[in-house]
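Asker: Chain by chain, the residues run as shown.
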Amino acid sequence: MHDEPLLSVSNLTVDLLTAKSAIRPVDGVSYTVRQGECLAIVGESGSGKTVMNFAPLGLMPTGVTTQLSGSVRFDGHELIGLSEPELQHIRGKSIGFIFQDPMSALNPVRRIGRQIAEMAELHLNMTPRAAEARALELVKLVGISDPAARLRQYPHELSGGLRQRIVIATALAGEPKLLIADEPTTALDVTVQAQILRLLKDLQKRLNMAMVLITHDMGVVAGAADNIVVMYAARTAERGPVDKVLVTPRHPYTRGLINAIPRREDPIGSEFRGLPGIPPTLGAPIKGCAFAPRCDLAIPACTGSRPPLVQSVDSSVVVACPVVNQGRAAA
Amino acid sequence: MTHGPILKVENLQTRFKSVQRGKFVHAVDDVSVELYPGEIVGLVGESGCGKSTLGRTIVGLEKATSGRVLLNGVDLSTLSGSALRDSRRALQYVFQDPYSSLNDRQTVGEAIDEALQIDGVKSPADRARRTKELLDQVGLAEVVKGRHTRELSGGQRQRVAIARSLAVNPRVLICDEPVSALDLSIRAQVMNLFLRLQKDLGVACLFIAHDLELVRQAASRVYVMYLGKIVEHGPSQELYDHPSHPYSQMLLASVPEANPIAERLRKAPLMVGEVPSPTNPPSGCRFRTRCPMAVDDCKKQVPPTFKLSPGHDAACVFAKDLHRGKRSALREAEANAERVGALVPS
Chain A
1 MHDEPLLSVS NLTVDLLTAK SAIRPVDGVS YTVRQGECLA IVGESGSGKT VMNFAPLGLM
61 PTGVTTQLSG SVRFDGHELI GLSEPELQHI RGKSIGFIFQ DPMSALNPVR RIGRQIAEMA
121 ELHLNMTPRA AEARALELVK LVGISDPAAR LRQYPHELSG GLRQRIVIAT ALAGEPKLLI
181 ADEPTTALDV TVQAQILRLL KDLQKRLNMA MVLITHDMGV VAGAADNIVV MYAARTAERG
241 PVDKVLVTPR HPYTRGLINA IPRREDPIGS EFRGLPGIPP TLGAPIKGCA FAPRCDLAIP
301 ACTGSRPPLV QSVDSSVVVA CPVVNQGRAA A
Chain B
1 MTHGPILKVE NLQTRFKSVQ RGKFVHAVDD VSVELYPGEI VGLVGESGCG KSTLGRTIVG
61 LEKATSGRVL LNGVDLSTLS GSALRDSRRA LQYVFQDPYS SLNDRQTVGE AIDEALQIDG
121 VKSPADRARR TKELLDQVGL AEVVKGRHTR ELSGGQRQRV AIARSLAVNP RVLICDEPVS
181 ALDLSIRAQV MNLFLRLQKD LGVACLFIAH DLELVRQAAS RVYVMYLGKI VEHGPSQELY
241 DHPSHPYSQM LLASVPEANP IAERLRKAPL MVGEVPSPTN PPSGCRFRTR CPMAVDDCKK
301 QVPPTFKLSP GHDAACVFAK DLHRGKRSAL REAEANAERV GALVPS
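Protein chains in written order, with UniProt numbering: chain A, 1 to 331; chain B, 1 to 346.
Hints are computed from structural coordinates only; laboratory data are not their basis.
What you are looking at is a predicted structure, and each value in this text was computed from that prediction instead of being measured.
Among the clues, some could well be false.
In silico DSS-like links for lysine-lysine, alpha-carbon gap of 27 Å or less [to be verified]:
no.: 1; chain 1: A; residue 1: 177; chain 2: A; residue 2: 205
no.: 2; chain 1: A; residue 1: 244; chain 2: A; residue 2: 140
no.: 3; chain 1: B; residue 1: 307; chain 2: B; residue 2: 320
no.: 4; chain 1: B; residue 1: 145; chain 2: A; residue 2: 20
no.: 5; chain 1: A; residue 1: 201; chain 2: A; residue 2: 177
no.: 6; chain 1: B; residue 1: 145; chain 2: B; residue 2: 63
no.: 7; chain 1: B; residue 1: 307; chain 2: B; residue 2: 326
no.: 8; chain 1: A; residue 1: 205; chain 2: A; residue 2: 93
no.: 9; chain 1: A; residue 1: 244; chain 2: B; residue 2: 267
no.: 10; chain 1: A; residue 1: 205; chain 2: B; residue 2: 267
no.: 11; chain 1: B; residue 1: 300; chain 2: B; residue 2: 267
no.: 12; chain 1: A; residue 1: 201; chain 2: B; residue 2: 299
no.: 13; chain 1: B; residue 1: 122; chain 2: B; residue 2: 145
no.: 14; chain 1: B; residue 1: 63; chain 2: B; residue 2: 132
no.: 15; chain 1: A; residue 1: 140; chain 2: B; residue 2: 145
Here are the computed distance ranges between Cβ atoms for each label pair [unchecked claim]:
no.: 16; chain 1: B; residue 1: 325; chain 2: A; residue 2: 328; range: 48 to 56 Å
no.: 17; chain 1: A; residue 1: 10; chain 2: B; residue 2: 38; range: 50 to 58 Å
no.: 18; chain 1: B; residue 1: 220; chain 2: A; residue 2: 77; range: 57 to 65 Å
no.: 19; chain 1: A; residue 1: 314; chain 2: B; residue 2: 105; range: 49 to 57 Å
no.: 20; chain 1: B; residue 1: 105; chain 2: A; residue 2: 81; range: 57 to 65 Å
no.: 21; chain 1: A; residue 1: 19; chain 2: B; residue 2: 283; range: 53 to 61 Å
no.: 22; chain 1: B; residue 1: 24; chain 2: A; residue 2: 109; range: 23 to 31 Å
no.: 23; chain 1: B; residue 1: 220; chain 2: A; residue 2: 124; range: 23 to 31 Å
no.: 24; chain 1: B; residue 1: 24; chain 2: A; residue 2: 152; range: 21 to 29 Å
no.: 25; chain 1: B; residue 1: 110; chain 2: A; residue 2: 269; range: 30 to 38 Å
no.: 26; chain 1: A; residue 1: 81; chain 2: B; residue 2: 142; range: 47 to 55 Å
no.: 27; chain 1: A; residue 1: 129; chain 2: B; residue 2: 321; range: 19 to 27 Å
no.: 28; chain 1: B; residue 1: 280; chain 2: A; residue 2: 17; range: 48 to 56 Å
Every residue gets a Cβ at the ideal spot worked out from N, C-alpha and C, and that includes glycine.
Put together the whole structure using the sequences plus the hints.
Answerer: Here you go:
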């Protein structure tokens, strides 16, 4: 069992049913994350990158019926099919969360120290006293100056960067094996983003945690992640080591995204490189490749059936593109 | 008239009453900005630096405490009533979030028609013709006219919002983060739209953004703002090649690289702390609390603005040394970090 990855998602499909409509935001996605490893999940809004992480853990809005199929194995246990109390035991304990907006992730009317200590009491069965001590330790760990004074403050008294550090401390309170960070730096300024990313990287190494980093920023991916999953319209377009995917992207969508990043050598006033068209709206699963209408390589085969993920020659990258994969067998 | 700036902001100051009694939030403090016809000019800085307040004050969404806004040489504060409304037409605002700047219950056609009615286009036939023209200008097919704005994607909505701003034939657009709410693959399309509007219609744009690389490519000149003040200003190429204020240097260095190998090699020192409260801005130079080069003098006096090369100036006592490359805020930040040990205490 030593070799089993900490998190292993295979063929995960999520269907969301509301009174009016049925959509499939995640359609047959697979990936693994090992201990101490960081996986980046990149995609545009509506690509399914958030739902695929939160739906298996029961974190979905009320009023929506969520149907899951496939398998999500975490630390040797299957998560799909677990009851809400069982999931509650995992959430916040062995899996910690960091959300995009640190203000809405914290309780505005409770002191910071209490919020962190509460997690330690709940998940590690600590006495309130021991939990307070643990909170102090955690606040020091996330690099906050004057930690004792901060614990007595309320979230609104802190700046955005400090709040995000508190959210990170809260996420670490249950000693998680896996940290899921959903756009942890999107709401922050670029100078503070650099601080928070360095902190996350440092903590991940020191605590030997696994991390899933959900983001749309390739710069964040490059600095923090080992592997990357590129999502497009509920499916995986490309998956592999960051050094391969970002340097020599193979899927036309990944290529377009990376090509669209402005470069220092682009002349001033020159056209911005981008992708034509717009991403599809969520609805029924698309028959062929969802990217085909925007793709300049598209051939008739693209629209016929869903393109399978195929391994590259050195087998470390998988790509779902019939044109790129011509002559290779499905993985 | 053609050689003067279309928009001139002189020593503008915008203060808000603070929740702390008797105190003020100095959001914009003594800022001067110029915009020439048909020019895209960038305004960059961290959140809370006052860049949006500056934009909102220019178009009159906030009231200036002091200073002047001149449009085509006419001081807007001297106008009132219909004269003010007429000149305001030449000055339009594009908001960041196209999901809240449009009425969900209107169709695209109604949204644009409304703007034309306000502009006084009486004949429905004229308005229909102009609507078609505007949709064409922003790159939307005429078929979207009957669709509700809520049915559109973010990029399409932003195009509708831009079409509405253009309906009144503005000379100046104040664009407040117009693409940051849009998906990555759509941003380039909307940026190219701004470039085209500038070329085809000669509209000048003040482009407020925090994405430094985006601004570099679009703008011919850039203003860098920190805590209510312009700290550096210059032609884009010159400013990005030779940033001469410690803040600009560190801000530019904190943009991550998308190439993982380059990103790992990049040794950017972290900027310490965050933007201080504009209610109690630091004395002297406002950046001194985060500046790796700060000396005692920075506390005592507001730094003078030095001219470094044609059109390039920076407000720092060391600006000339920084410009010539004799000193570097990055090197000094690194040296400081080594002296005090790691920045993240364990």
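Asker: Next step is simple, just say for each hint if it's right about the structure.
Answerer: Each hint, compared with the structure:
| no. | hint | result |
| --- | --- | --- |
| 1 | A:177 with A:205 | holds, 12 Å |
| 2 | A:244 with A:140 | violated, 36 Å |
| 3 | B:307 with B:320 | holds, 8 Å |
| 4 | B:145 with A:20 | holds, 26 Å |
| 5 | A:201 with A:177 | holds, 14 Å |
| 6 | B:145 with B:63 | violated, 36 Å |
| 7 | B:307 with B:326 | holds, 17 Å |
| 8 | A:205 with A:93 | holds, 19 Å |
| 9 | A:244 with B:267 | holds, 22 Å |
| 10 | A:205 with B:267 | holds, 19 Å |
| 11 | B:300 with B:267 | violated, 32 Å |
| 12 | A:201 with B:299 | violated, 35 Å |
| 13 | B:122 with B:145 | holds, 19 Å |
| 14 | B:63 with B:132 | violated, 36 Å |
| 15 | A:140 with B:145 | violated, 57 Å |
| 16 | B:325 with A:328: 48 to 56 Å | holds, 51 Å |
| 17 | A:10 with B:38: 50 to 58 Å | holds, 56 Å |
| 18 | B:220 with A:77: 57 to 65 Å | holds, 59 Å |
| 19 | A:314 with B:105: 49 to 57 Å | holds, 55 Å |
| 20 | B:105 with A:81: 57 to 65 Å | violated, 43 Å |
| 21 | A:19 with B:283: 53 to 61 Å | holds, 60 Å |
| 22 | B:24 with A:109: 23 to 31 Å | holds, 28 Å |
| 23 | B:220 with A:124: 23 to 31 Å | violated, 58 Å |
| 24 | B:24 with A:152: 21 to 29 Å | holds, 28 Å |
| 25 | B:110 with A:269: 30 to 38 Å | holds, 35 Å |
| 26 | A:81 with B:142: 47 to 55 Å | holds, 51 Å |
| 27 | A:129 with B:321: 19 to 27 Å | violated, 55 Å |
| 28 | B:280 with A:17: 48 to 56 Å | holds, 53 Å |
Of the numbered hints listed earlier, those contradicted by the structure are 2, 6, 11, 12, 14, 15, 20, 23, 27.
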